[in-house]
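Chains A and B supply the protein sequences, listed in that same order.
Just so we're aligned, residue 1 is where the first sequence starts under my numbering, counting upward by one.
Just so we're aligned, residue 1 is where the second sequence starts under my numbering, counting upward by one.
For the record, the hints were derived by calculation from the structure and aren't laboratory data.
Glycine is no exception: its CB is placed at the ideal position from the N, C-alpha and C atoms.
Any given hint might turn out to be false.
Computed list of lysine to aspartate or glutamate pairs in EDC-like fashion (alpha-carbon distance at most 20 Å, straight line) [as the list claims (entries may be wrong)]:
1. B:Lys9 to A:Asp57
2. A:Lys123 to A:Asp135
3. A:Lys61 to A:Glu78
4. B:Lys320 to A:Asp57
5. B:Lys320 to A:Glu169
Cβ pair distances, simulated, as ranges [claimed, not checked]:
6. A:Glu191 to B:Leu8: 35 to 43 Å
7. A:Ser17 to B:Gly297: 45 to 53 Å
8. A:Asn75 to B:Ala387: 27 to 35 Å
9. A:His118 to B:Leu16: 16 to 24 Å
10. A:Gln161 to B:Gly297: 47 to 55 Å
11. B:Ala387 to A:Glu31: 48 to 56 Å
12. A:His138 to B:Ala291: 49 to 57 Å
13. B:Leu4 to A:His118: 15 to 23 Å
14. B:Leu4 to A:Asn70: 24 to 32 Å
15. A:Glu143 to B:Leu16: 16 to 24 Å
16. B:Leu361 to A:Gln14: 52 to 60 Å
17. A:Ser17 to B:Glu412: 22 to 30 Å
18. B:Ile290 to A:Glu143: 52 to 60 Å
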Amino acid sequence: MNIINIEHIAKIYQVGSEEVHALRDVSLNIEKGEYVAIMGPSGSGKSTLMNILGCLDTPTKGLYNFTGVNVSQMNDNELANIRNKEIGFVFQTFNLLPRSDALHNVELPLIYAGISSHERKDKARLALDHVGLNDRMHHKPNELSGGQRQRVAIARALVTQPAIILADEPTGNLDTKTGEDIMALFNEIYEQGNTIILVTHEEYIAEHAERIIRIRDGMIEKDEHVKDRYIPKKNGFSKAD
Amino acid sequence: MSTLLYELKEGLLISLRAIRANKVRSALTIFGIVIGITAVVLMSTAIKGIDNAFAKGVSSLGSDNLYIDKWEWFNNDTPWWELRNRKNLDLEDFKKYKELAKLPLAVAPTVWSNQTIKYKDRNVESIIIQGTNENYINTTNLSFNEGRFFNELESNGGRQVAVLGFEVANNLFPNGNALDQDVKIKGQKFRVVGVLSEQGSWVMGNFNPDKQVFTPIQNIFKYFHSEWFRSVTINVRARNSQMVEATKEEAISIMRRVRGLKYNEPDDFSINQQEGLLNTINQTVGVIQIAGLFITGLSLFVGAVGIMNIMFVSVKERTKEIGIRKAIGAKRRTILGQFITESAIICLFGGIVGLIMAIILSMIVNQFLPTSVQIDSVVLAIVISIATGVISGFAPAYSAAKLDPVEALRYE
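Assemble the whole structure, with the sequences as input and the hints as a guide.
Put into structure tokens, the structure is as follows:
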């Protein structure tokens, strides 16, 4: 089943009198449970593609079906609703609220979803537990290490059980070892059946994904499956042959 | 619905955190609102105090009273020289009127003289001595601290008796015991037969009964000035407020006969009413109100501009936060509500502090002018401060709500 179906989308920015074609003609399908890396040098259009995939922005031309719904013409509030319920963001700079503790940061998407305080706290605790931070719930971001902050961000992305996890250079601000730990966590999340889209320019980070899409000059240069799909079984997880 | 509630609660939480994070800035911003609200509350309280004082002052006149006089008291339709040229009313006019009038409850003549009153080594200058008769008391709402009003016998006989107003008695007899003492006016002895209780009609100046002395009318003509010197005023009290108009009509027709006016001659007297005084007072109070509210409104406006300014700064500073919130699903409405809540809370703090200051200040002012902060002023202060917050916070909040999430996330 396709979670993401993009047909001939283009994004054109008007900079002064000049038109900048950030994306020219991109078509793409992503299935449920895939682990996809989007790669490309800076200025290739990968950030623009990520913003459109994440419903933060809409394409100038073309069609974007997300979980079977056409989102290319949606207004701000409808997009906010999709982002809230169906997309979990993980950013390079963590993007946590500095004055709120870990638990409240993870709760935030559930507040906007209108879930009661009690249920919110339960779900947020579970998500923090999941990323191994059950002893850091009441720490504020400045009391946490970089790796821990990114784990809080991942917990926040997971807490609404979204259709996709969208990670933009999630290891960019971390040292190699911590970066590897975070990638291991993504693997784990993937193996539990989540769909992950990873935007990176590091080859060794992209290698964690099963499929790598390379972007250059606003177009897909190469789209290849580098690994087999991991199919989770009903009891426990194992690799499919 | 529940979403809205959670968003509001979240908005409150964020606001309190933001205010706490910028203590000095918040305090300075709140200061502007504190001054504005203090001014508004004090002004509205003062206006009410003045209003009450006027109402109280006027009510001592009695609302069912008519005053037949040579002069027109409040309306200035007739030029003053025409009024001056009218023939004085005298005691004969009063007697004829009294004989013919059927409708009034009570009628009494009055004429005044400005004198100094003495008791031993104490004296009070520039006192209005009201000369009248025993029926005067029935045309007023005056009450007594001690003694009584002079009676018919004393009045007709022109006995040298006096009834003292509250302030006059207080000044001459600081230790009380004014009754049956002899006070001196222009060398003549007057026996005190009564002392009025306090009327508090200070707005009426020297015509405040507290500052007057009452004596039989003959004494005025005998000792202070001759009858032709000043026109007599006829105080008329109607039976009730429904009867005021009829009593007035009757008074006009009787007075025209008494004064011997032909059908084509205009009235050479005026029928004055408390209503005229009320209109004058209401105009004065209205001007004070508008001027006062304009000035205090201005100070509140300055405070509101301060809030708006600081909220714009706050939105700019928290652009990234707004981006994060939008990315994880905050709608425009949510962001709008969050910043309006913050600005409303800042103003509410200011309003409460301002209210407390106003209450303290009004206690001090109360020593000079009767004021006290009433519950409606409290409600007014709270409502105005929240409204100020909402209005001044709207533009900054709207600018935050319509931020593009991609741009906002990129902001450093």
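Do the hints match the structure? See the list:
no., hint, in the structure
1, B:Lys9 to A:Asp57, "29 Å, violated"
2, A:Lys123 to A:Asp135, "15 Å, holds"
3, A:Lys61 to A:Glu78, "19 Å, holds"
4, B:Lys320 to A:Asp57, "17 Å, holds"
5, B:Lys320 to A:Glu169, "18 Å, holds"
6, A:Glu191 to B:Leu8: 35 to 43 Å, "40 Å, holds"
7, A:Ser17 to B:Gly297: 45 to 53 Å, "48 Å, holds"
8, A:Asn75 to B:Ala387: 27 to 35 Å, "30 Å, holds"
9, A:His118 to B:Leu16: 16 to 24 Å, "22 Å, holds"
10, A:Gln161 to B:Gly297: 47 to 55 Å, "53 Å, holds"
11, B:Ala387 to A:Glu31: 48 to 56 Å, "54 Å, holds"
12, A:His138 to B:Ala291: 49 to 57 Å, "56 Å, holds"
13, B:Leu4 to A:His118: 15 to 23 Å, "18 Å, holds"
14, B:Leu4 to A:Asn70: 24 to 32 Å, "28 Å, holds"
15, A:Glu143 to B:Leu16: 16 to 24 Å, "20 Å, holds"
16, B:Leu361 to A:Gln14: 52 to 60 Å, "58 Å, holds"
17, A:Ser17 to B:Glu412: 22 to 30 Å, "28 Å, holds"
18, B:Ile290 to A:Glu143: 52 to 60 Å, "57 Å, holds"
When the structure is compared with the earlier hints, a violation turns up for hint 1 alone.
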